[in-house]
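In order, the protein sequences belong to chains A and B.
Each residue of the first sequence is one higher than the one before, starting from 23 at the first, in the numbering used here.
Each residue of the second sequence is one higher than the one before, starting from 23 at the first, in the numbering used here.
Derived by calculation from the structure, the hints in this document are not laboratory data.
Watch out, some of these pointers could steer you wrong.
Here are the simulated distance ranges between beta carbons [said to hold, decoys possible]:
no.: 1; chain 1: A; residue 1: Gly309; chain 2: B; residue 2: Lys303; range: 37 to 43 Å
no.: 2; chain 1: A; residue 1: Gln100; chain 2: B; residue 2: Arg58; range: 56 to 62 Å
no.: 3; chain 1: A; residue 1: Ala335; chain 2: B; residue 2: Lys251; range: 58 to 64 Å
no.: 4; chain 1: A; residue 1: Asp170; chain 2: B; residue 2: Lys247; range: 45 to 51 Å
no.: 5; chain 1: B; residue 1: Gln100; chain 2: A; residue 2: Arg248; range: 47 to 53 Å
One-sided and incomplete, this derived list gives chain A residues near chain B with beta-carbon spacing under 7 Å [as the list claims (entries may be wrong)]:
no.: 6; residue: Gly176
no.: 7; residue: His177
no.: 8; residue: Ile189
Only part of the chain B face toward chain A is listed, based on derived beta-carbon distances under 7 Å [stated by the list, open to error]:
no.: 9; residue: Leu178
no.: 10; residue: Ala180
no.: 11; residue: His186
The structure displayed is predicted, hence computed values, not measured ones.
Every residue gets a Cβ at the ideal spot worked out from N, C-alpha and C, and that includes glycine.
Number of protein chains: 2
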Amino acid sequence: MYYIGIDLGGTNIAVGIVTEDGKIVKKISVPTGAHRPFEEIFQDMADCIRKLLSETGIAESQLKSIGIGTPGCLDTKQGMLIFAGNFKYGKLVNYRELMQKHFDLPVYICNDANAAALAEAKVGAAKGIDNVMMVTLGTGVGGGIVIDGKIYEGHLTAAGELGHIVIVHEGEYCTCGRNGCWEAYASVTALIRQTKEAMAKNPDSIMNETPLEKVNGRTSFDAAKRGDKAALEVVAKYQEYIADGLANLVNVLCPEIIVVGGGICKEGDYLLGPVNEMMQKRVFGAGLLPERKMVVAQLGNDAGLIGAALLHA
Amino acid sequence: MYYIGIDLGGTNIAVGIVTEDGKIVKKISVPTGAHRPFEEIFQDMADCIRKLLSETGIAESQLKSIGIGTPGCLDTKQGMLIFAGNFKYGKLVNYRELMQKHFDLPVYICNDANAAALAEAKVGAAKGIDNVMMVTLGTGVGGGIVIDGKIYEGHLTAAGELGHIVIVHEGEYCTCGRNGCWEAYASVTALIRQTKEAMAKNPDSIMNETPLEKVNGRTSFDAAKRGDKAALEVVAKYQEYIADGLANLVNVLCPEIIVVGGGICKEGDYLLGPVNEMMQKRVFGAGLLPERKMVVAQLGNDAGLIGAALLHA
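Next up, chain A with everything else stripped away, as it sits in the complex (with noise of 0.2 Å):
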């Protein structure tokens, strides 16, 4: 049997195949026009399993559910969209019915951070791990929490929000319009902010090699490496800033696992070997219990996807 994975974002849908233990048979991907009305998104969508069924020649029996991961908040019971900023019907649309309009098969539906959290703890980074927590570092800060296997989505399946904890008392403006979220610090935005000020702070820094308009997350990076002393500090901090709200977390929710990703992770040790350094000194309880294992995420972008494929277990 297969499963449908489908990562339904702001910009792109991503539509694949999936088989029951979490490999891509094959996906396609086509623009979200997150404009036009859902009648025509789920259209698109019910195009690609189509055509994806035809190119593999698996046939439509062989299916056995629908997994759609969505920004925004959800009752999954009903497989509603209460809300979500990234598409313009905005609201209250139930995607469950929409989809079963085009097959009749079980549909789940998740939030994309959920679902890659799930993925991730199913067949990626954190397998056979039961309690993961995933974080991703990307334009803002993303998450997710399984507990026993399974997404933990709290009332009203708004748990998970973990770039939304105040990490820096009347700090920086966050989108979600409080000031000094987590996400206003460790975010790949935030960083970009963090080298642009301290660019502007130390006129000598080899930063400014990178013109304002191409600064981007690898720019300190990059610069550190080359030992300019305004980069690395760029960089400590912003290590620090991730430590501090993957602590808080850890106080809370203590999972066996903890999940990294977002594309800054490509920097691999040399960002996340200080953060997990510095986390681990920072929990409750630091020395005297085991350290916490910290992972780099493994499914990339394909892991909102492979988790919407994953749902219906």
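Since the structure of chain A is already known, use the hints to place chain B on it.
Coordinates of chain B only, in the frame set by chain A:
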């Protein structure tokens, strides 16, 4: 059938006989003598149980289990204390085996803050609700998480250290070794510090009618109710700190209900009304999702004992 609940604190041990539905039949309290060897402390607990049986006429055969709530980090499966700063013996003591030398009964242990949360979820302020977060504002800030009607311990049973989330980067020193923890801003200890600081800065404040050594958690509240400007500011800022930590935790856990405990809750709506309002505005999806329920704990100092007795369930 009856259940023994024991709240083993650093100062006192409270022992009670509890009914299936969480009512205390009778309880007694003795000093812990935390400097003593664990054998002596467990002998005292056993003596208390026998005394309660004798005074109530309940037979040992009518007891179904013994539950012990205790500070510290535990291996609840083994019934083992891993470490706790509160007792001289400190670490690696098997509470279950020690108690079973006295009684041939199932023995359960759990963290005292978790026990209190379980009691409030089962028979207290959150009775009948399955997903509960309890926060106690006392000398420190403690907490417990109940998911699907059960204590959530996480890996290493170290979850639920809700006071130890940094909300003020590089802020006040916390007893856990970090700086800026919620506990260092929202505990009564912190409120007293904030009160004293405001008194020093505002010599005209009527808070200065209280001698420094008599300042307590009520000082600022009493003066604020009399319209004292400096006191009003202390109270408002304290409320903001509480709300900030609560909103952080709601964003991570999204419980169905938040139970707030600790002596300071005697201030009732004067304290918690504004806290609730600030928190509701700060949580992710504010205004788009229904408000989270917040209630005051009902079981007071008995919560730990009752929760320990309910561990069997």
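Cross-check of the supplied hints:
1. The beta-carbon spacing between A:Gly309 and B:Lys303, approximately 38 Å, falls within the hinted interval of 37 to 43 Å.
2. For A:Gln100 paired with B:Arg58, a C-beta distance near 57 Å keeps the hint of 56 to 62 Å intact.
3. Roughly 59 Å separates the CB atoms of A:Ala335 and B:Lys251, a value that falls within the hinted 58 to 64 Å.
4. The hint said 45 to 51 Å for the Cβ distance between A:Asp170 and B:Lys247, and at roughly 47 Å that hint holds.
5. Range check, B:Gln100 to A:Arg248: about 51 Å between beta-carbon atoms, so the 47 to 53 Å window is met.
6. Below 7 Å, beta-carbon pairs count as interface contacts, and A:Gly176 has one with chain B at about 3 Å; its hint therefore holds.
7. Given hint, A:His177 at the interface with chain B, holds; its Cβ is 4 Å from that chain's nearest Cβ, closer than 7 Å.
8. With 7 Å as the threshold, the beta carbon of A:Ile189 comes within range of chain B, its nearest partner Cβ sitting at about 5 Å, so the hint holds.
9. Because the smallest distance between the Cβ of B:Leu178 and any Cβ of chain A comes to about 5 Å, under 7 Å, the interface hint for this residue holds.
10. Residue-level restraint check for B:Ala180 holds (minimum Cβ-Cβ distance to chain A is 4 Å; threshold 7 Å).
11. The interface hint given for B:His186 is met, as the beta carbon of that residue sits about 4 Å from the closest beta carbon of chain A, less than 7 Å.
Figure legend: structure checked against the earlier numbered hints; every hint is met.
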